[in-house]
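Position chains B and C relative to chain A; hints supplied.
Protein chains in written order, with this note's numbering: chain A, 1 to 305; chain B, 1001 to 1475; chain C, 2001 to 2395.
Honestly, the hints are just simulated from the structure, not real lab data. Treat the numbers as computed from the prediction; the structure is a model and nothing was measured. Please note that the accuracy of each hint is not assured.
[To be verified] Result set (DSBU-like, lysine-lysine): computed pairs, CA atoms no more than 35 angstroms apart in a straight line: (1) Lys-2257(C) - Lys-2201(C); (2) Lys-2174(C) - Lys-2261(C); (3) Lys-2350(C) - Lys-2174(C); (4) Lys-275(A) - Lys-2335(C); (5) Lys-2388(C) - Lys-2300(C); (6) Lys-2395(C) - Lys-2300(C); (7) Lys-2300(C) - Lys-2261(C); (8) Lys-275(A) - Lys-2205(C); (9) Lys-2335(C) - Lys-2174(C); (10) Lys-2174(C) - Lys-2201(C); (11) Lys-2388(C) - Lys-2193(C); (12) Lys-2176(C) - Lys-2261(C); (13) Lys-2261(C) - Lys-2388(C); (14) Lys-275(A) - Lys-179(A); (15) Lys-2193(C) - Lys-2174(C); (16) Lys-2261(C) - Lys-2201(C); (17) Lys-2278(C) - Lys-275(A); (18) Lys-2350(C) - Lys-2193(C); (19) Lys-2193(C) - Lys-2205(C); (20) Lys-2205(C) - Lys-2176(C); (21) Lys-275(A) - Lys-2388(C); (22) Lys-275(A) - Lys-2193(C); (23) Lys-33(A) - Lys-1245(B); (24) Lys-2257(C) - Lys-2335(C); (25) Lys-275(A) - Lys-2176(C); (26) Lys-2174(C) - Lys-275(A); (27) Lys-2335(C) - Lys-2300(C); (28) Lys-2388(C) - Lys-2201(C); (29) Lys-275(A) - Lys-2257(C); (30) Lys-2261(C) - Lys-275(A); (31) Lys-2205(C) - Lys-2278(C); (32) Lys-2147(C) - Lys-275(A); (33) Lys-2257(C) - Lys-2077(C).
[Said to hold, decoys possible] Residues on chain A that point at chain B, a partial pick, calculated with CB under 10 angstroms: (34) Tyr-29; (35) Leu-72; (36) Arg-102; (37) Pro-105; (38) Thr-119; (39) Leu-122; (40) Gly-126.
Ideal placement from N, C-alpha and C gives every residue a C-beta, glycine not left out.
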Amino acid sequence: MQEFIQTIVNGLQTGSLYALIALGYTMVYGILKLLNFAHGDVYMVGAYIGYFVIHWFGGPTALSIPVPLLILIMFALASTGCGLLGVAMERFAYRPLRDAPRIAPLITALGISFVLENTVLLLFGGFTRSYQTESFISATSGIHLGGVTINIVEIMVIVVSVAMMFGLRQIVHRTTLGKSMRAVASDREAAEMLGINVNRTIALTFFIGSAMAGVAGVMSGLAFDQITNTIGFLAGLKAFTAAVVGGIGSIAGAMIGGIVIGLAEAFSLSYISTKYADLIVFGILIVTMLVRPQGIFGRPLLQKV
Amino acid sequence: MAQIGVDDWVAQSGGRRDGGSGWRKLLARADSRLGWWPRLALVTLAGLIAGQLLTNVNLQTVAFNSLLYAMLALGLNIAVGWAGLLDLGYIAFFGLGAYGFAVLSSTATGASGSGGTHLPAIESIPIVILIAGVVGVVIGLIALRLSGDYLAIVTLFVGQAFMEVVNNVDPGTLGGVNGIFGLDSLHSFGSQVTSPLGYYYLALVMTVVLAGILHLLDTSRTGRAWRALRDDPLAASAMTIPVNKLKVMAFSFGAMVGALAGTLFAAEQNTVFPTNFTANILILIYACLVLGGVGSIAGAIAGGLVVTIGEQMLSSPNDAGYLFYGLILIVLVMRIRPWRNLAAVLTGVIGLGFAAHALAGAISSAAVAGAPGSGGSIGSAVRDYVIVPANPATYGNILYVVLICALVVIVRLHGTRRLLAVVPTVYIAACCWEARLIVNPSITTQIMIGAILIVTMAARPQGLLGTHRVETAEQ
Amino acid sequence: MKRIITAAVTLAALTAAGCGSSSNTTSTATHKAAGASTSCSASIAIEGPFTGPVAQVGLEQLHFAQLAVANDNAANKTNVVLNQDDTQLTPSMAVSKTQAIIASPAVAVVGPAGSQEVQAVGPLFGRAGVAFITGSATLPALTTSGKNPTFFRAVPNDNIQGPQDANYIVNHLKPKAVLVIDDNEAYSQGLVKTMIPIFQKAGIKVNHQTLNGTDTGATLANAISSLVSSQLTPTETVTVLPWQAAANAQTFGLDVKQQHKTTTLFGTDGTNSPSQFKIPGSYVSNFGPDISTSTSTLDKSLVSGVAKFGPYGSFGVPTYAATDVLMQAISSVCKAGQSPSRSNVLAAVKKTNIPAAATPMAAVIAFQPNGDLVDHPGYLFHIDSAGKYAQIPNK
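The following block holds chain A by itself, in its conformation from the complex (with noise of 0.2 angstroms):
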């Protein structure tokens, strides 16, 4: 039962993060159609932000703040950072690809993830950093269920998840900026003609995107305690796995594809094999994509002429 219920928190807590991270691929997907692979390196930085800050106020083991100010300013900074990343990398990058070859987005993408982890290992070494959340954030308290305790970093990385999920909801669905992306997301000839500034919809795409990987960043520091500047690479794979299952351009399906992805493999981690996980993650994707290519809310496409 211990083992049980360990086994769901596991997976309710790095699947919130897949979440988090597949909300940027879904949004940028769904409005471009373009696989961001550098998504996942917007994440490693926004880890690496969230652990400066930790360090220009003392430290883990000295804070010179109370911890939930702490939090809310590694938030902000590594969301503001991460967001401008994504809104450079989509200017400088993407924009001038948006009507060549499918591939060459794709490539590009590659690139930028190679020299974003190779500038922070020039500029910040090699070695495995630590957040060292269990000196100002205690290890074993929150709520205790059933032999077990839920503490408290992985209760706020799965309300923090939630919330954004249905702050980003509102975004989408209420405002105008909302309207604008749905509308480039249906058909961008046809928005721009309407009057829609496309540049400036795409832009604020991937600044909310990557805003939000740098919040997935943050949190994974602090319920993880280590960073490296390779941690970007197969989280976002993972990410971009929960989008697809999840049906690519829904917001509940990246947020429900990155649960069943990260239930699925704590599952398989603790109950058939730590050497196969990944596989059978992957074969999840598979069967998904075979009996429900649209994912689990996406609507099937339609295919224009």
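Leaving out everything else, chains B and C in the frame of chain A:
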């Protein structure tokens, strides 16, 4: 944007009239009249002559590697360039070929000692290629239900899956993380290839034959059907082109070429290890294909040469310096017109450097106490030019960030302002290179590979030898 | 709008560089010619994973090697230049780099880091007569196979460390059952292979699991937590973690605490990093003493020399020793009035005899004919309640 539309024939009339100037025109005309047979023969001849000039083992290895990457790019081109299927699992076929050869032509696995299978190449290579073809069909069948980037992500996992399988499944046969070593050389009919030069010639022959076969394939009905499929699958199927069969064929053919390259690679290396087939290698293969020009046979081969030789140069600090400064110079010469401006900018760049160095030295001798990171002639040439303080790490990091920002700013500026901004930017680039980038040449190499990919895509998305193709977003 | 974005990006990037620079990688020009007037000039190369997933290991080795070159250049009045060749722990890349090194004027090589890489490049170096000495490839077969005639290593092989650790666990910790987790790397599997038979012989139940070492970030953390929750039982009072990354062992320890379980962690040299793995009550073995608490001037100079690069683990010291071997060999060739050619350096490396006091390994460095160390004491540390390493007898 004032114009609503334009007729293609009218728009191209200017180009038809000019067609380049003088010798370029002649060259272009000669090129267009040359058939593909003579062209291939010329490449072969060049390759044979090059073989005579490769005096040491290192050059021979580089030459072999560039042909190997050319072959890999040719194989990748079938699915990606012709059929338009984004295959990110191609590395698995390369690995399959290598592992297949290793299992069929080695004393096998780990410490078991004697025994094992020792098929001659003439038998083992066809077997391996056949297996790869079948696996390609299987993956192609899965791919049928997917399109575009969905296919990309699934095939990417196929690559990952290959790594996990060879790492974990049956270490007795596949060697697990320790790989398989002590493979046989390629041997058949009583003779065997052992020297690096021998492998180079073998790779040359294979590449040329492969290019010939692929050219015939490209111009055949199948090739045309593939391109129709790539440009518009729906229209292709409406025209009764067997879309599904063609997709599976593209995967399978690509897999076979990849496996062929794999067998050659395994034989040349004498060993196979799971980590030889990571995503990094896949990215290099993609870089070859894309830099050369997606969809073009000559482009794939050129891409293999450019990427391998470029990577080789980047990994030697001295050559990397030449490449770095050379690239800056080439970009300046190509982009700044007229010559007056170019001369002004170059003078400015040189003058600024020596002035800044003298000024910094006058203010504080510690500011110029460090030696430039480059050795050799570059190092002595820029000694009194760049500012490198005694402990340049933090300084170099800040310069690096300033450099990126300066590049961002330059892209946004136009006219005289841009010209003015170029001068300090080039100087910052030189200082940053000497103070920081050359100190960790390996990391710099990776950053430059990434940057080159980004810039090439932005400047020329069709690659060096590809043809421009406008593609609207998939519906 | 556009200007604001540009300005903001600039500002954000600048602050990022500013804060990173307080504790980041640097490299001074110290590895450059120290005494250009001396006649003993040569170049050596180092092969290691300086980028990619294990850049942490490679850069640590690089920094210690650069330090060794700088120190020995100053002490011996030589002018040896160290060239860097990045292999990313990939054998095929190591082969390409090795061919380039053989074509270059380099007289000897430090590295490569991984045992598979040594298997791939050993015959090439052998044919070219270039001595190469690793600070981290511990597979026993590398020296016994006879395929790597010019190979040396500045670390004991798995047959030394594995049994030492296993015997200590059997004799002192006396568990009824142990959990052994390898990280699916050659290093880890090699050690596990030598340990499990000893446990089984002593009647200890072994639960052998594998962690996918190529995972990173969230997936890796999830995997470690799952191993703790699903595999660690109360009878398994000892958990052996022969891992390459010390930070992962730390994560494992934190998960054990969070899940209210108890076990004594036992790490090998890969996890030996006083700044990264500090779970109280754990044991860690190593090839050399802890230089961070040592009082010898050499060790202190090493600690201060690499302090600016951030935390380090156990890969640096053996690489320092390995580089030192080559530097001393080159110097001795010069002193004998010969030119530092490949064959002369190779012969000098074979005759290496560095006293224990002159190396951070704190043991005499001399080689057997097959390239293994003659003297190879093991070290064992216990981590006290404050997270400090205390050396304990290893028998």
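Going through the hints against the structure:
1. Lys-2257(C) - Lys-2201(C): holds, 31 angstroms
2. Lys-2174(C) - Lys-2261(C): holds, 18 angstroms
3. Lys-2350(C) - Lys-2174(C): violated, 42 angstroms
4. Lys-275(A) - Lys-2335(C): violated, 54 angstroms
5. Lys-2388(C) - Lys-2300(C): Holds - the C-alpha atoms of Lys-2300(C) and Lys-2388(C) are around 17 angstroms apart, at most 35 angstroms.
6. Lys-2395(C) - Lys-2300(C): Status holds; Cα separation ~28 angstroms.
7. Lys-2300(C) - Lys-2261(C): violated, 38 angstroms
8. Lys-275(A) - Lys-2205(C): holds, 22 angstroms
9. Lys-2335(C) - Lys-2174(C): violated, 54 angstroms
10. Lys-2174(C) - Lys-2201(C): Between Lys-2174(C) and Lys-2201(C) the Cα gap is close to 13 angstroms, so the pair holds against 35 angstroms.
11. Lys-2388(C) - Lys-2193(C): Holds: Lys-2388(C) and Lys-2193(C) sit about 30 angstroms apart, inside 35 angstroms.
12. Lys-2176(C) - Lys-2261(C): holds, 16 angstroms
13. Lys-2261(C) - Lys-2388(C): holds, 22 angstroms
14. Lys-275(A) - Lys-179(A): violated, 45 angstroms
15. Lys-2193(C) - Lys-2174(C): Holds, at roughly 20 angstroms.
16. Lys-2261(C) - Lys-2201(C): The given pair, whose Cα atoms are some 27 angstroms apart, holds under the 35 angstroms limit.
17. Lys-2278(C) - Lys-275(A): OK: Lys-2278(C) and Lys-275(A) at ~27 angstroms, within 35 angstroms.
18. Lys-2350(C) - Lys-2193(C): holds, 30 angstroms
19. Lys-2193(C) - Lys-2205(C): holds, 15 angstroms
20. Lys-2205(C) - Lys-2176(C): Distance ~6 angstroms between Lys-2205(C) and Lys-2176(C) Cα, so the pair holds.
21. Lys-275(A) - Lys-2388(C): Satisfied, since the Cα-Cα distance of roughly 33 angstroms is no more than 35 angstroms.
22. Lys-275(A) - Lys-2193(C): Answer holds: Lys-275(A) to Lys-2193(C) is near 18 angstroms, not above 35 angstroms.
23. Lys-33(A) - Lys-1245(B): Distance of about 26 angstroms is within 35 angstroms: holds.
24. Lys-2257(C) - Lys-2335(C): violated, 58 angstroms
25. Lys-275(A) - Lys-2176(C): Holds - the C-alpha atoms of Lys-2176(C) and Lys-275(A) are around 26 angstroms apart, at most 35 angstroms.
26. Lys-2174(C) - Lys-275(A): holds, 29 angstroms
27. Lys-2335(C) - Lys-2300(C): holds, 28 angstroms
28. Lys-2388(C) - Lys-2201(C): holds, 33 angstroms
29. Lys-275(A) - Lys-2257(C): Holds, at about 24 angstroms.
30. Lys-2261(C) - Lys-275(A): holds, 23 angstroms
31. Lys-2205(C) - Lys-2278(C): OK: Lys-2205(C) and Lys-2278(C) at ~27 angstroms, within 35 angstroms.
32. Lys-2147(C) - Lys-275(A): holds, 32 angstroms
33. Lys-2257(C) - Lys-2077(C): Violated. Lys-2257(C) to Lys-2077(C) sits at ~53 angstroms, over the 35 angstroms cutoff.
34. Tyr-29: OK, holds: Tyr-29(A) within 10 angstroms of chain B, min 7 angstroms.
35. Leu-72: Violated - the Cβ of Leu-72(A) stays beyond 10 angstroms from chain B, reaching only about 26 angstroms at its closest.
36. Arg-102: Holds: closest Cβ of chain B sits about 6 angstroms from Arg-102(A), inside 10 angstroms.
37. Pro-105: holds, 7 angstroms
38. Thr-119: For Thr-119(A), the interface hint holds, since the closest Cβ of chain B sits about 6 angstroms away, which is under 10 angstroms.
39. Leu-122: With a minimum Cβ separation of about 5 angstroms from chain B (threshold 10 angstroms), the hint on Leu-122(A) holds.
40. Gly-126: holds, 9 angstroms
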